[in-house]
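Colleague: Here's the letter readout for the chains.
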Amino acid sequence: MNVIVCIKQVPDTNEVRLNPETGTLIRDGVPSIINPDDKAGLEAALRLKDQYGAKVTVLTMGPPQADLALREALAMGADEAYLVTDRAFGGADTWATSSTIASALKRFDYDLIVTGRQAIDGDTAQVGPQIAEHLGLVNISYAEEIKIDGEYIKVKRQYEDRYHIIRAKLPCLITALAELNQPRYMTPGGVYGAYREREIGVLTRADLDVDDANIGLKGSPTRVFKSFTKAVKGKGTVVTMDASESAEWLAEKLQEKFIL
Amino acid sequence: MSVEGYKGVYIFVEQVEGKINGVAYELIGKGKELAKPLNTEVTAVLLGHGIRELPKKLARYGADKVIVVDDPALETYMTEPYTKALAEVVRAYKPDIVLYGATAIGRDMAPRVSARVHTGLTADCTGLEIQEGTNDLMMTRPAFGGNIMATILCSNHRPQMATVRPGVMQRISAIEGAECPVEEFKVAGLAESQNVEILEIIKKVSEKMDIMDAKVLVSGGRGMGCPENYALLEELADALGGTISSSRAGVDAGWQPKDRQVGQTGKTVRPNLYIACGISGAIQHLAGMEESDVIIAINKDASAPIFEVADFGVVGDALKIVPLLTEAVKKVQAVKANA
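As you go down the protein sequences, you meet chains F and Y in turn.
Counting in this note's numbering, the first sequence runs from 76 upward without gaps.
Counting in this note's numbering, the second sequence runs from 9 upward without gaps.
Mixed in with the good hints there might be a few duds.
Claimed, not checked - Which bits of chain F does chain Y cover? Going by a derived footprint, with three or more residues having C-beta under 8 Å, they are:
1) 160-171
2) 202-208
3) 233-247
4) 295-302
5) 314-322
Said to hold, decoys possible - Looking from chain F toward chain Y, a few residues come up when the C-beta cut is under 7 Å (computed):
6) Thr88
7) Tyr217
8) Lys310
9) Gly311
Don't read these hints as lab results, they were simulated from the structure.
By construction, the Cβ of each residue, glycine as well, lies at the ideal position given by its N, Cα and C atoms.
Kindly generate the complete structure, drawing on both the sequences and the hints.
Modeller: Below you can see the structure in the form of structure tokens.
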């Protein structure tokens, strides 16, 4: 069984802070991590390796430094890693990204493709389903539990107020939720191999059978027109008093606002 | 591609078991605003089975027209038949704009539709307006976990498509007795397109009010210390006729279920009153509640970012202040009841 996990290297947005004076992002010192939903997807794939001896391949599209995310995946136990990288892919929106990744995936044999539901820097949740569409595959989004059953996969698919237990024939694509599992740590031996010995496959523009009209900035239907920091709402009144005075003060304010 | 000949604002109406998701009404409300400068109409697209009574409701909230695809294969949501049906509607009617709720259904189906009809899709928009001159749709959304906002254009492809989170746009007041034309649209091959099997449907049970419907939310975070302390918040919420919610920290700690979570990865709320107790106010949390009419924050840390958005802030221990506030609220209510 061949499982391919698509991962993305992202800045840890929980660590991004705003400079209160300038209102700009402070990106210095923000660590790069494997996107949490993707890491859960990788863990799910590694469990299929533990259980059924599945071969786990990780793939990412990004700049050369995304290599680090792939090495972390190797150190966790992935068998092979590929970096899809080329200047021609730069500036891609979700449409062009998914079209590029789909064309890279066509080079591989797969029974199951796993992506994270969404990346914490973009939060779009689009690339997984779009890859599936470009490949003509079934996709099951928001997977909270998965089980392989012969040539089928059974997925517990999350909705706001319910779950669907869905059965689909392989091959298919699932998008994983961070709730799927607790990802394992890298092993010392894994780290040694991943950072010293193992090789990362590189796929560039020339390796992919894809139309120039469907990659990079040129292949992106959407463009960023402008970006800005949100106007902060005017600060209200903040007081420090003892607990009972505070409670009385708040009750007064609620009356002033006609809530009480 | 040519963008000529695409016209109208279309809203995908999500329904589950015959119940319309409220975000559809919100999108129709927004759609009417967008339709005005474009001099066009708002069309609601309803997919499902046995749903013939629903178009009337859509008319009351401002739909100028409803397109219905009624088919047994659309009874329960599955990605492929829904994608196929909506993509066929898009191909046949050529809308200028299509809006979806950013729900677990909308965020699954809209990307597939966008890939299929080859157009862009902007996720989780918080602002939509028509650009003067070009008449293009300006789609504004948070990025980097809500740290910055980006305005996106899809100038050379049609339809321009966006998902919008529930609770962000406002519906119009229902117009009683409003009616609109309803058109049936047939899509062939929907049953054959079903490529998965739903073995079971498990409903999550929550006896509490949905936090998106609450007029008053009393919300707890890491500062609550333990799940038991949420009982203090329940009492205050009960006194104010509201319900409780939580920051991500409270949900990740297992103190509150996921459906109580306010914020970027939870729900967007805009109650009349939001009381943040022991919540520091990470930007992801603020993104989910800063549109509330009145915000009260109680936190030990005077430098907590929650105070930046609070109308009234108290530096202190929520565990001590909340019970006293509940008492004070009850006292005022008792006085008013006797007046």
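Colleague: Now tell me if each hint is right for this structure.
Modeller: Hints, verified against the model:
no.: 1; hint: 160-171; verdict: holds (count 3)
no.: 2; hint: 202-208; verdict: holds (count 6)
no.: 3; hint: 233-247; verdict: holds (count 12)
no.: 4; hint: 295-302; verdict: holds (count 8)
no.: 5; hint: 314-322; verdict: holds (count 8)
no.: 6; hint: Thr88; verdict: holds (3 Å)
no.: 7; hint: Tyr217; verdict: holds (6 Å)
no.: 8; hint: Lys310; verdict: holds (6 Å)
no.: 9; hint: Gly311; verdict: holds (4 Å)
Hint check: no violations occur; every hint is consistent with the structure.
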